[in-house]
Amino acid sequence: MKSWLLLALQVGVAVVLILAWHVVSTTNLFGDPKTMAFFFSTPSDVAAQVWDWFQGGTIWYNLWITLSEAALSFVIGAFAALVIGFWFARKPMLASVFDPYVKGANALPRVVLAPIFTLWFGLGIWSKVALGFTLVFFIVFFNVVQGVKEVDRTVLSNARMLGLNERQLLRHVYLPSALSWVFSSLHTSIGFAVVGAVVGEYLGSAAGLGYLIQQAEGMFDVAGVFAGMFVLAAFVILIDWGVTIAERRLLVWQPKGHHDT
Amino acid sequence: MSVPSPSSSPASSAPASSAPAHPAIGFRDISIAFDIAGRNRFVAVQDVTLDVAEGEFVAIVGPTGSGKSTLLNAAAGLLTPAAGTVSIFGRPLSGLNAQAGYLFQQDALMPWKTAVENVAISLEAAGTRRAEARARARDWLARVGLAAFAERYPHTLSGGQRKRVALAQALIRDPRIILMDEPFGPLDAQTRLIMGELLLRLWSENRKAVLFVTHDLEEAISLADRVVILSAGPAARVVGDFPIALDRPRDIGELKVDPAFLAIHRDIWHLLKTEVLKAYSEIPTGDAP
Ligand SMILES: Nc1ncnc2c1ncn2[C@@H]1O[C@H](COP(=O)(O)OP(=O)(O)O)[C@@H](O)[C@H]1O
Ligand SMILES: [Mg+2]
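Protein chains in written order, with our numbering: chain A, 1238 to 1498; chain B, 1447 to 1735.
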């Protein structure tokens, strides 16, 4: 499909949805506009709220906080997962011993950890980073382990025959193979970094998008909640778009449609 | 350029040495077995004795599953035989065979490296400065006719091009032994011909010991100094060893209608056919594994 046509259709969907919302919340067709607006707000109120945030400049600070939390939890989580994942993949004994613990830890719903992290790390960004870390770490970790395990045997034998030592194999064979798996899950793991940050803020903080939404909710300000969700959605789409561009550059060597997840 | 018929004496093309010449590869009564879960050990090859002299081009032909790749892996040091010894230039092999370049049956290029990076990697790993390694890799790519494809990633190359990159990758280290596992197997007929000619040209410039595995008898005869026939597995043995007294340089396209070639082919095929039929008689229905 032509890219301008695709974009036009995507914008078209938004226009239709907003129109429908406008009709529902401002006309008598589905009920009293006053009640409808109380439950669903109206597109113009939400737009006014978003406009207000950007005009007044308050949103930038909150966006910055959320972005930093997400970025920190991604970088720290991915790095730790890479190191530990490699270590486990190269030491099967260690991996078997810790296997049930890793699985158990991963099964834990992260929300229950939020209060503990607040207790440990305070109300600032680090409790949110910790929450994002617990989400990002496992996704990257499992992909690293898989990537090391699934290294092509022939490529590996060939590299050994070409005289690569253990360290060089790690750098030229295992690491690129693991990274290709990590990259294929990049959208998911970065998405989770944002989720960790926003949920953390929602559950207790003094800044960030999650905080804005939680504040609005506390005052039954439905327009504020919706505005927060819109900004969050736009924010995630922008980040995702950045990831796609990064991916295209980093994975030029892969045929199109290689293990997408 | 023209070299006396190589089947005469293997030492003739090798650098003269005072000590009794050791074969480049010496298999002595080797047997190779695999452990298969829940079953007895599977003996793939049994009591194989085979020498490849320095500078000699030996082709192994056998039905599918007869243990050709297994033998090459033993020569490469990727596998240790259950019994018997593998010696390389007279020394028992332990660990990887550092003297050998190996062209694998499957794609073995690192997909995340460009052609030139793939070819240069062994030099860089050995400590050659990057710029020099890359320059030499480009030279090699030019020799296999891929000068214009140096910056391509493997997935953007055709099967034949990938094999040529792999050839350059294996030969750039100037190994004294070259192991090739059905290197042209998946290629179409014309490409195989061109690859065969390329290989012979490179080999005649700098004669190495070559152990070349194929299931294609014509290919084996047109390239090799000696053709060794492996019996159908399991427990495959050497059942024939034929010197190929065809002059070099050979035009392998023309060779296939040469009466001398046809005579040799007839002799060997007679033996090979029985082994091929045996291999297939063990398969009740359908394809080879
Ligand atoms: N890793 C392995 N485990 C078990 N059996 C194997 C293994 N590798 C090869 N074999 C068996 O050894 C025999 C010879 O295999 P191979 O050397 O690949 O044959 P060829 O290359 O001649 O087609 C086959 O019967 C195959 O099933
Ligand atoms: Mg094989």
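Keep in mind the hints are simulated off the structure, nothing from the lab.
Treat each hint with caution, since some may be false.
[Said to hold, decoys possible] The calculated lysine to aspartate or glutamate pairs, modelled on DMTMM-like cross-linking and capped at a C-alpha distance of 25 Å, are: (1) A:LYS1386 with B:GLU1597; (2) B:LYS1559 with A:ASP1336; (3) B:LYS1724 with B:ASP1662; (4) B:LYS1719 with A:GLU1403; (5) A:LYS1493 with B:ASP1481; (6) A:LYS1328 with B:ASP1493; (7) A:LYS1386 with A:GLU1403; (8) A:LYS1493 with A:ASP1336; (9) B:LYS1724 with B:GLU1597; (10) B:LYS1559 with A:GLU1403; (11) B:LYS1724 with B:ASP1713; (12) B:LYS1702 with B:ASP1620; (13) A:LYS1386 with A:ASP1458; (14) B:LYS1702 with B:ASP1713; (15) A:LYS1386 with B:ASP1713; (16) B:LYS1719 with B:ASP1553; (17) A:LYS1493 with B:GLU1597; (18) A:LYS1239 with A:GLU1484; (19) B:LYS1724 with A:ASP1336; (20) B:LYS1559 with B:ASP1497.
Values in this document were obtained by computation on a predicted structure and should not be read as measured data.
Do the hints match the structure? See the list:
Between LYS1386 (chain A) and GLU1597 (chain B) the alpha-carbon distance is near 28 Å, which puts this suggested pair outside the 25 Å criterion. A hinted pair counts as satisfied when its Cα atoms are at most 25 Å apart, and LYS1559 (chain B) with ASP1336 (chain A) does not qualify at roughly 33 Å. Using a Cα cut-off of 25 Å, the hinted pair LYS1724 (chain B) and ASP1662 (chain B) holds, with the two alpha carbons roughly 17 Å apart. For the suggested pair LYS1719 (chain B) and GLU1403 (chain A), the alpha carbons sit about 44 Å apart, so the restraint of at most 25 Å is broken.
Restraint check for LYS1493 (chain A) and ASP1481 (chain B): the C-alpha separation of about 38 Å exceeds 25 Å, so the hint is violated. Under the criterion of a C-alpha separation no larger than 25 Å, the hint pairing LYS1328 (chain A) with ASP1493 (chain B) is inconsistent with the structure, at around 37 Å. Taken as a hint, the LYS1386 (chain A) and GLU1403 (chain A) pair is honoured in the structure, with Cα atoms around 16 Å apart against an allowance of 25 Å. With a C-alpha separation of about 33 Å, the suggested pairing of LYS1493 (chain A) with ASP1336 (chain A) is violated against the 25 Å cut-off.
With a C-alpha separation of about 47 Å, the suggested pair LYS1724 (chain B) and GLU1597 (chain B) falls outside the 25 Å cut-off, and the hint is violated. Pair hint LYS1559 (chain B) plus GLU1403 (chain A) holds up; C-alpha atoms about 18 Å apart against a cutoff of 25 Å. Restraint check for LYS1724 (chain B) and ASP1713 (chain B): the C-alpha separation of about 18 Å stays at or below 25 Å, so the hint holds. Note on LYS1702 (chain B) and ASP1620 (chain B): the hinted pairing is violated, with a Cα-Cα distance of about 31 Å set against a maximum of 25 Å.
A hinted pair counts as satisfied when its Cα atoms are at most 25 Å apart, and LYS1386 (chain A) with ASP1458 (chain A) does not qualify at roughly 51 Å. As the CA atoms of LYS1702 (chain B) and ASP1713 (chain B) are separated by approximately 15 Å, the hinted pair is consistent with the 25 Å bound. With a C-alpha separation of about 47 Å, the suggested pairing of LYS1386 (chain A) with ASP1713 (chain B) is violated against the 25 Å cut-off. For the hint pairing LYS1719 (chain B) with ASP1553 (chain B), the CA-to-CA distance comes to about 29 Å; that exceeds 25 Å, so the pair is violated.
Note on LYS1493 (chain A) and GLU1597 (chain B): the hinted pairing holds, with a Cα-Cα distance of about 18 Å set against a maximum of 25 Å. Of the supplied pair hints, the one linking LYS1239 (chain A) and GLU1484 (chain A) holds, its CA atoms being roughly 21 Å apart against a limit of 25 Å. For a cut-off of 25 Å, the pair hint linking LYS1724 (chain B) to ASP1336 (chain A) is broken: about 47 Å separates their Cα positions. Note on LYS1559 (chain B) and ASP1497 (chain B): the hinted pairing is violated, with a Cα-Cα distance of about 36 Å set against a maximum of 25 Å.
Checked against the numbered hints given earlier, the structure breaks hints 1, 2, 4, 5, 6, 8, 9, 12, 13, 15, 16, 19 and 20 and satisfies all the rest.
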